[in-house]
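Undergrad: One letter stands for each residue in the lines below.
2 protein chains.
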Amino acid sequence: MQIDINKSVFERNDALASQLRKRFSENHVYVVDICASPGAGKTSTILATIDALCDEFNIAVIEGDIASSVDAERIKAAGIPAVQINTGGACHLESSMITRAVDVLDLERLDLIIVENVGNLVCPTDFDLGENAKVIILSVPEGDDKPLKYPGIFEVSQAVILNKVDTAPLFNFDEEAFRNAVQTLNPNAPIFPISATAGQGVEEWTEWLAGEIRRVQET
Amino acid sequence: MQIDINKSVFERNDALASQLRKRFSENHVYVVDICASPGAGKTSTILATIDALCDEFNIAVIEGDIASSVDAERIKAAGIPAVQINTGGACHLESSMITRAVDVLDLERLDLIIVENVGNLVCPTDFDLGENAKVIILSVPEGDDKPLKYPGIFEVSQAVILNKVDTAPLFNFDEEAFRNAVQTLNPNAPIFPISATAGQGVEEWTEWLAGEIRRVQET
Numbered sequence: 001m002q003i004d005i006n007k008s009v010f011e012r013n014d015a016l017a018s019q020l021r022k023r024f025s026e027n028h029v030y031v032v033d034i035c036a037s038p039g040a041g042k043t044s045t046i047l048a049t050i051d052a053l054c055d056e057f058n059i060a061v062i063e064g065d066i067a068s069s070v071d072a073e074r075i076k077a078a079g080i081p082a083v084q085i086n087t088g089g090a091c092h093l094e095s096s097m098i099t100r101a102v103d104v105l106d107l108e109r110l111d112l113i114i115v116e117n118v119g120n121l122v123c124p125t126d127f128d129l130g131e132n133a134k135v136i137i138l139s140v141p142e143g144d145d146k147p148l149k150y151p152g153i154f155e156v157s158q159a160v161i162l163n164k165v166d167t168a169p170l171f172n173f174d175e176e177a178f179r180n181a182v183q184t185l186n187p188n189a190p191i192f193p194i195s196a197t198a199g200q201g202v203e204e205w206t207e208w209l210a211g212e213i214r215r216v217q218e219t
Numbered sequence: 001m002q003i004d005i006n007k008s009v010f011e012r013n014d015a016l017a018s019q020l021r022k023r024f025s026e027n028h029v030y031v032v033d034i035c036a037s038p039g040a041g042k043t044s045t046i047l048a049t050i051d052a053l054c055d056e057f058n059i060a061v062i063e064g065d066i067a068s069s070v071d072a073e074r075i076k077a078a079g080i081p082a083v084q085i086n087t088g089g090a091c092h093l094e095s096s097m098i099t100r101a102v103d104v105l106d107l108e109r110l111d112l113i114i115v116e117n118v119g120n121l122v123c124p125t126d127f128d129l130g131e132n133a134k135v136i137i138l139s140v141p142e143g144d145d146k147p148l149k150y151p152g153i154f155e156v157s158q159a160v161i162l163n164k165v166d167t168a169p170l171f172n173f174d175e176e177a178f179r180n181a182v183q184t185l186n187p188n189a190p191i192f193p194i195s196a197t198a199g200q201g202v203e204e205w206t207e208w209l210a211g212e213i214r215r216v217q218e219t
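Keeping their order, the protein sequence lines are chains X and A. Residues in the first sequence are numbered from 1 upward in steps of one, following the working numbering. Residues in the second sequence are numbered from 1 upward in steps of one, following the working numbering.
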């Protein structure tokens, strides 16, 4: 909601995000902010990611939702610490919310924090949470034209996950058109076609993420 | 983005919305604001709705998008006047944008204006556009838990469309749980299960809409 926001909202957000980035860096914690539409499979992708990486890394999850804690319950059921943020109507997470969530986590013990943003392809784009990377998940049923319609989030993401690829035959999804649109907006972002629930492609995505985490640990 | 918005933004929006409502009412035009996540099938549902109602009613479409005009092109290809609003990053439509769009339409000749809001389950909730009804479309691939997570838009809608029901076998969608969640939030809203592309259920939805339009024409 760029047109209505005070400049000071962004300034305050960015200042807190810088403090967060410093804390994450000092503790060698890699933070990824997962953004997507409602129902694109954020929580399923996070669960598949935890499953692939929990032997090598200590992981915590920060769950952003307008309301409810169903996602945090799913994460906790997987044995991973999860902090629920209910935004009370707000359509994105801000660094002040992340600060409160991080305060209850033991950063020294963690290697990876996965932030699940509110389901929204627009508003999270402009809010720095101190993360190392934003990753956008698009799901096949949403259609191959979404990078054209929501370019901002594709531009600011360090990687793009295409989820629910097992349903492609049903939805006339043109993966080549999708790849071309993404590469025009963000030539360096890798694209990972996956099925979070069936497991397809999860290895390529989590290998990329593991490489990013190790790079932060070695600095 | 309720937490950051100035009260004056809503006041200004509501004042213009009241003016719009008066203009629509004077011209006996029924206005429906279609809200949904990205990729839930807003444009396909609008095209199916036009197909069912264009013999009886004069229809125009106002297309809200962050960027691009692909949806307006699809509507125009169906022979219906379409006004494209590019919000330039904003995550919802406001009544000032609708006013500019309406200024180029011949209200006297129209019976129905369909507004396609930006794909977003959060921010459009609080913005009155002078419409007679907001209608929320949820698509089966998004999951049956979405009313719990995005309650606001289900509360303010006059009707609920469940799209892509032909894909239900693939997605473990619990329609009874979905119906219960919607009815808890909004006991009076009818729920229309449809497949906009396959045609299933479209008749029930458009019959309801036609009844609402006729009611406005008779006043």
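Derived from the structure by calculation, the hints contain no laboratory data. Please note that a few of the clues may not be correct.
[Stated by the list, open to error] Not close to chain A: a few residues of chain X, all C-beta gaps over 12 Å, as computed:
{"no.": "1", "residue": "K22"}
{"no.": "2", "residue": "E26"}
{"no.": "3", "residue": "I50"}
{"no.": "4", "residue": "F57"}
{"no.": "5", "residue": "D65"}
{"no.": "6", "residue": "L107"}
{"no.": "7", "residue": "S139"}
{"no.": "8", "residue": "P190"}
{"no.": "9", "residue": "I191"}
{"no.": "10", "residue": "W208"}
{"no.": "11", "residue": "E212"}
{"no.": "12", "residue": "T219"}
[What the hints assert, rightly or not] The calculated SDA-like cross-link candidates involving lysine to any residue, where the alpha carbons are at most 20 Å apart (straight line), are:
{"no.": "13", "chain 1": "A", "residue 1": "K22", "chain 2": "A", "residue 2": "R12"}
{"no.": "14", "chain 1": "X", "residue 1": "K76", "chain 2": "X", "residue 2": "S44"}
{"no.": "15", "chain 1": "X", "residue 1": "K22", "chain 2": "X", "residue 2": "D145"}
{"no.": "16", "chain 1": "A", "residue 1": "K76", "chain 2": "X", "residue 2": "N132"}
{"no.": "17", "chain 1": "X", "residue 1": "K76", "chain 2": "A", "residue 2": "C54"}
{"no.": "18", "chain 1": "X", "residue 1": "K76", "chain 2": "X", "residue 2": "G89"}
{"no.": "19", "chain 1": "A", "residue 1": "K22", "chain 2": "A", "residue 2": "T219"}
{"no.": "20", "chain 1": "A", "residue 1": "K22", "chain 2": "A", "residue 2": "L110"}
{"no.": "21", "chain 1": "X", "residue 1": "K22", "chain 2": "X", "residue 2": "L148"}
{"no.": "22", "chain 1": "X", "residue 1": "K76", "chain 2": "A", "residue 2": "T219"}
{"no.": "23", "chain 1": "A", "residue 1": "K76", "chain 2": "A", "residue 2": "S96"}
{"no.": "24", "chain 1": "A", "residue 1": "K76", "chain 2": "X", "residue 2": "L148"}
Since the structure is predicted, the reported quantities are computational estimates derived from the model, not experimental observations. Note that the Cβ used here is the ideal one computed from N, Cα and C, for glycine as well.
Undergrad: Each hint needs a verdict: does it hold in this structure or not?
TA: Checked hints:
1. K22: 24 Å, holds
2. E26: At roughly 29 Å from the nearest Cβ of chain A, X/E26 sits farther out than 12 Å, so the non-interface label holds.
3. I50: 19 Å, holds
4. F57: 28 Å, holds
5. D65: Non-interface label on X/D65 violated, nearest chain A Cβ at 6 Å vs cutoff 12 Å.
6. L107: X/L107 is indeed farther than 12 Å from all Cβ atoms of chain A, at 26 Å.
7. S139: 7 Å, violated
8. P190: 22 Å, holds
9. I191: Non-interface label on X/I191 holds, nearest chain A Cβ at 17 Å vs cutoff 12 Å.
10. W208: About 24 Å separates X/W208 from the closest Cβ of chain A, which puts it past 12 Å; holds.
11. E212: The claim stands: X/E212 keeps its Cβ more than 12 Å from every Cβ of chain A (closest is about 26 Å).
12. T219: Holds: least Cβ distance 34 Å, greater than 12 Å.
13. A/K22 - A/R12: It holds: about 16 Å lies between the C-alpha atoms, which stays within 20 Å.
14. X/K76 - X/S44: Within the cut-off at roughly 13 Å; holds.
15. X/K22 - X/D145: 37 Å, violated
16. A/K76 - X/N132: 43 Å, violated
17. X/K76 - A/C54: 51 Å, violated
18. X/K76 - X/G89: Measuring from Cα to Cα gives roughly 23 Å; hence the hint is violated.
19. A/K22 - A/T219: 13 Å, holds
20. A/K22 - A/L110: 15 Å, holds
21. X/K22 - X/L148: Cα-Cα ~34 Å, so violated.
22. X/K76 - A/T219: 55 Å, violated
23. A/K76 - A/S96: 23 Å, violated
24. A/K76 - X/L148: 19 Å, holds
Checked against the numbered hints listed earlier, the structure breaks hints 5, 7, 15, 16, 17, 18, 21, 22, 23; every other hint is satisfied.
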